[in-house]
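Engineer: For the protein sequence lines, the chains are A and B, in the order given.
Note that our numbering numbers the first sequence so that position 148 is 148, with each residue one more than the last.
Note that our numbering numbers the second sequence so that position 172 is 172, with each residue one more than the last.
Hint data in this document are derived by calculation from the structure and do not stem from the laboratory.
Just so it is clear, CB atoms sit at the ideal spot from N, CA and C, and this is done for glycine as well.
Some hints here could point you the wrong way.
Claimed, not checked - Calculated cross-link-like contacts (lysine-lysine; reagent style BS3-like; alpha-carbon spacing at most 25 Å):
#1 Lys148(B) x Lys106(B)
#2 Lys130(B) x Lys172(B)
#3 Lys34(A) x Lys137(A)
#4 Lys250(B) x Lys197(A)
#5 Lys122(B) x Lys172(B)
#6 Lys148(B) x Lys18(A)
#7 Lys197(A) x Lys275(B)
#8 Lys275(B) x Lys137(A)
Claimed, not checked - Here are some chain B residues pointing at chain A (derived, C-beta under 10 Å):
#9 Ser101
#10 Pro105
#11 Phe194
#12 Ala254
#13 Gln272
#14 Asn276
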Amino acid sequence: MSEPILKIDNLRTSFRIKDDYYPAVDGVSLTVNKNELLAIVGESGCGKSALAFSIMNLHSRAKIEGNINFKGQNIVNLPTSKLNKLRGKDMGMIFQDPLTALNPLMIIGEQIGEILLIHGTNSAEKRKERVLELLNKVGIPRPEHVFNQFPHELSGGMRQRVVIAMAIANNPELLIADEPTTALDVTIQSQILDLIKELKEESGAGVILITHDLGVVAEMADRVAVMYAGQIVEIADVYTLFENPLHPYTRSLLNSVPTANEEQSTLHVIQGVVPALQNLPREGCRFGARIPWIADSAHEKNPQLHEVSPGHFVRCTCYKDFHFPDRDKEGNRHVVS
Amino acid sequence: MSYLEVKDLKVHFPVKGGLFGRTLAHIKAVDGVNFSIEKGKTYGLVGESGSGKTTTGRAIIGLNKITSGQVFFEGQDITNLNKANKDIRRDIQMIFQDPYSSLNPKKRVIDIISEPLRNYEKLTKGEETKRVQELLELVGLNPESILKYPHEFSGGQRQRIGIARAIALKPKLIIADEPVSALDVSVQAQVLNFMKEIQKELGLTYLFISHDLGVIKHMCDQIGIMYKGRYVESGTKEDIFNHPQHIYTKRLVAAIPDMNPRNRQQHLQFRQEVKNEYEQAYNQYFDDEGLAFQLQPVSDTHLVALPEKG
Chain A
1 MSEPILKIDN LRTSFRIKDD YYPAVDGVSL TVNKNELLAI VGESGCGKSA
51 LAFSIMNLHS RAKIEGNINF KGQNIVNLPT SKLNKLRGKD MGMIFQDPLT
101 ALNPLMIIGE QIGEILLIHG TNSAEKRKER VLELLNKVGI PRPEHVFNQF
151 PHELSGGMRQ RVVIAMAIAN NPELLIADEP TTALDVTIQS QILDLIKELK
201 EESGAGVILI THDLGVVAEM ADRVAVMYAG QIVEIADVYT LFENPLHPYT
251 RSLLNSVPTA NEEQSTLHVI QGVVPALQNL PREGCRFGAR IPWIADSAHE
301 KNPQLHEVSP GHFVRCTCYK DFHFPDRDKE GNRHVVS
Chain B
1 MSYLEVKDLK VHFPVKGGLF GRTLAHIKAV DGVNFSIEKG KTYGLVGESG
51 SGKTTTGRAI IGLNKITSGQ VFFEGQDITN LNKANKDIRR DIQMIFQDPY
101 SSLNPKKRVI DIISEPLRNY EKLTKGEETK RVQELLELVG LNPESILKYP
151 HEFSGGQRQR IGIARAIALK PKLIIADEPV SALDVSVQAQ VLNFMKEIQK
201 ELGLTYLFIS HDLGVIKHMC DQIGIMYKGR YVESGTKEDI FNHPQHIYTK
251 RLVAAIPDMN PRNRQQHLQF RQEVKNEYEQ AYNQYFDDEG LAFQLQPVSD
301 THLVALPEKG
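Looking at chain B on its own, in the form it has when it is part of the complex (with noise of 0.2 Å):
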């Protein structure tokens, strides 16, 4: 029994319109998505803008409704749960990908970290303040920087206390919505560091949804590929990296700039085959709607979506 498991989730939106505002279409932003994450393990989400990621993580932690489909944690449903048991949920937690905008300006670091304390443990003052004051130490900022705003701290610090907040309740898993997209690669460096760290220490799984390749191949240990809410590919980084197998994965990765300026020419030369592979290709890899087909094993941990052959 895998520690997460996400069977054929679904998440349709309606399309309003017309006089009484009926539903006119479902805009299908994940359909049909199944994965699943080992404990103590990080799982990376990847795709464009638009593919459906972020929707998966949030549908998961029940920010989204789930049109269909199933999510077990820890072997129990946990799917559209309601208020009354909604308990499970503090075993998972969100980081979010703009800590400009995810942290409420009004608040005080205290009251923005002990918010998830306060709506599941009944601490006291002092107990409470103890509690923000070591979580604080342990993403690394000042404790008696408590009663600070958030305009005081610099975009790294700020995704820092973000993440004091997310580990507050001492979560299982925790949904990383690109936690690094908005700061600049040294603040970025420190949050992939400390995330890993934080892992080691806490026993965290993750699930970690970003664009970025580069990131993705840092952090994971197992990696989906998603192309308009469905999945492409999915394996090891291992088996994503060095074989990609669908003609999208490819792209991807041959996308990824070089860091090393003397491969420029062969680089760009292997990015237009890719390209005119993935122009010339693109009817055998993709249906009629454009969307991608079901996935095919090709090894043990290794899926692609390949149209069933015959």
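For reference, chain A alone in the conformation it holds in the complex (with noise of 0.2 Å):
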């Protein structure tokens, strides 16, 4: 379980706007362990998938600093051809759009067969014996009919499933997901990502999933990463996360979500929106502006994360005296006259 197959040491992304380098990602360290699910949670903005693309080294124009750990060597600003040979073999990435991530042009055997023959396998049969199992492996009825479909001709839901099944076409050790299922329907969606989760099961592989949806979070994973600002603000195991969430960021946003088990008639807000990536609080509780009821003492000058139980880390000290403009801190309402 403990076995890190990627280990991130702060890491910075940065893009380009006029003149100066901004980081989306801004100082981010985590690992991901083998048959571990780790989520990353945060609203559009905060740098989920610019983390994600970091990883892959999908920007075109960006600057990465510090260390991507994965196969005992750093990844960042490796050269392409050594990137390539990473890239759609030990690395899988599931994209958010499968539309757009498909070739409208090629059929999907085609397409799947396309990868496996990049990194070596050669005889035309074995590949195609291999698409027709990696289809079958993700669900999709009558492969041998599909194998020479173009993507128009399948639904959402089946056009995603062949993005999967040619991102695990090489078995990777590492799969990153980017909103797998934000562009699908609800019914589908949970079967996707049943199917995510069983093949994380079989392979013994990580996987990063990156997501805005808490109740996908609750179902998926093992460990969850909170990002705000190009920051992680919270990182705890999924139980800890939602029994004893501390950052105010994350109790604001589980507490935003309407869920369908419980009555709640008005739902929290959270004030303002995430700053445009040039206006960034760079000094300072980057949340410290969403939440302005809480006094500027209670937030650290330069937010550390801490340790709060082992495995679990909070950043800056403002969770200690958080608590949402209604309520007291003990979670009593204010009783509204």
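Two chains, two frames, some hints: make the complex.
Structural biologist: Quick look at the structure:
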């Protein structure tokens, strides 16, 4: 369980806007273990996808600094030729939108076969055999028929299954899924998530699941990292995170979900928005501006991750004083007159 | 008499093709839908993509031509109204799904929100500005921002502009087509809270279209579940979430992620059971074409599409 496949150390990914570089991922450190599903949550603009793309090195123009240790080597700024030996083989990626992730002019069989060819399966027969096996594995009915179909002939759920088949074609040790079900219907969503989980259990791969849906996290994750404004603000195992969330951002997110199981007439609203990259506060608590009712003195000058219990890290000290605006610290509702 | 009543609504789209563009077949997007909404309530229309829920909403407001069936609003037949007597339409407004594509990027906020006002009310420039500012204040935006363009706002703020436009004429019924699907949870919370608030304040009736059962449960009093253009089940929130009868509804309810990670195994098992039941019992719940049967009452409020006994 505790055998790390991926170890990220102080990763910074900066994008150039006009003449300056602005870090969208700002000092992220985390590990992914074998047979572990790490979920990364946050609102849009928090740097979740930027982080995933940095691991795969898919950004075309970004400055990436820090360490990403994968299979005993630092893969940050590795030459493309070496990277290409890893990508698609030892690390696979499932993209958000299956329609844009697939080539519309190529039949399914060739698309999946291509990734096998690149990584050394030269015999066409073997490739076809493997593709059919993969299609079967991801639950596509009538693989022989689908083999010769084009992406537009498949439904959204089926396309996403094809994308998953491509990602797992070479039995990767690390699988990155970037919002794999956002474009899909609920029933399909649960099928795809169950599939990802099944594949993980079977292969023992480490999985990074990026999502903004906390319900998905509760169903899927072993550990959860909550990101805000390019930083990890809280990281813990899934039970701790849902039962004892500490960081104000985590608590606010959890409280804003209209749960289908609980009665709650008004939802919690997080004031303000995630600031744009250029306007990110680089000093002090980045979430401070969105919880203005918490005194400035509660925040750290230079917020660090604190280990509050084994494996449970929280950034900044403001969690100690945090309460929702309509409640006191013990969680009792104020009587609004 | 219900506030809004939809009777046997059908919307069929022709499929054209061949040498002279003849109509070859019809796609039955909505195929015999009946429901009614009480005044001041929120009615939820649920279904997967392609189930016809959006088409139903658009047909009521007249954006899709109704093939057959009738729509009554406050007792008046508003089916396929022509331009001459479209005044009733000012009482029904729509909130669209995507706040990024439903606002004209070349127009300022004042022009966007005052468009319905210009269509239906003769106001002077000053009155118009005043009304728009009031509306912006009502939806929680800065009244000073009337001269801004849509791109200067965030997603949640844009959706509020869409809402301000929808309530500009003080409508009685609002059709909200996936109003929060494109938004983050925190922003979604903001919009949902706000929709509830103005419902109370202005006495609005909502037809709330969504695929997200969590949101539907939070917002709606009555719910209808659609599948391939037909109803499979309808009832109160209680009926649908606690006593789903149709196998399709059961499957939808089972697919809602559970927010407690401790229930995970149990929930997965439940989901699998429902899936197996769905596959085995599919033929009992759907006819030869894979369509739902006619609705049969199982209680006063609860209707389920079951085959006729016998």
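Engineer: A separate judgement is required for each hint: does it hold in the structure or not?
Structural biologist: Comparing the hints with the structure gives:
1. Lys148(B) x Lys106(B): holds (10 Å)
2. Lys130(B) x Lys172(B): holds (22 Å)
3. Lys34(A) x Lys137(A): Within the cut-off at roughly 21 Å; holds.
4. Lys250(B) x Lys197(A): Holds: lysine 250(B) and lysine 197(A) sit about 22 Å apart, inside 25 Å.
5. Lys122(B) x Lys172(B): Satisfied, since the Cα-Cα distance of roughly 20 Å is no more than 25 Å.
6. Lys148(B) x Lys18(A): holds (24 Å)
7. Lys197(A) x Lys275(B): holds (17 Å)
8. Lys275(B) x Lys137(A): Holds, because 18 Å separates the two Cα atoms, which is no more than 25 Å.
9. Ser101: This interface hint is violated because 16 Å lies over the 10 Å limit.
10. Pro105: Status violated, d = 18 Å.
11. Phe194: Because about 9 Å separates phenylalanine 194(B) from the closest Cβ in chain A, which is inside the 10 Å limit, the hint holds.
12. Ala254: holds (8 Å)
13. Gln272: It holds, given that the least Cβ distance between glutamine 272(B) and chain A is near 8 Å, below 10 Å.
14. Asn276: Where the cut-off is 10 Å and the nearest Cβ of chain A is about 13 Å from asparagine 276(B), the hint is violated.
When the structure is compared with the earlier hints, violations turn up for hints 9, 10, 14 and for no others.
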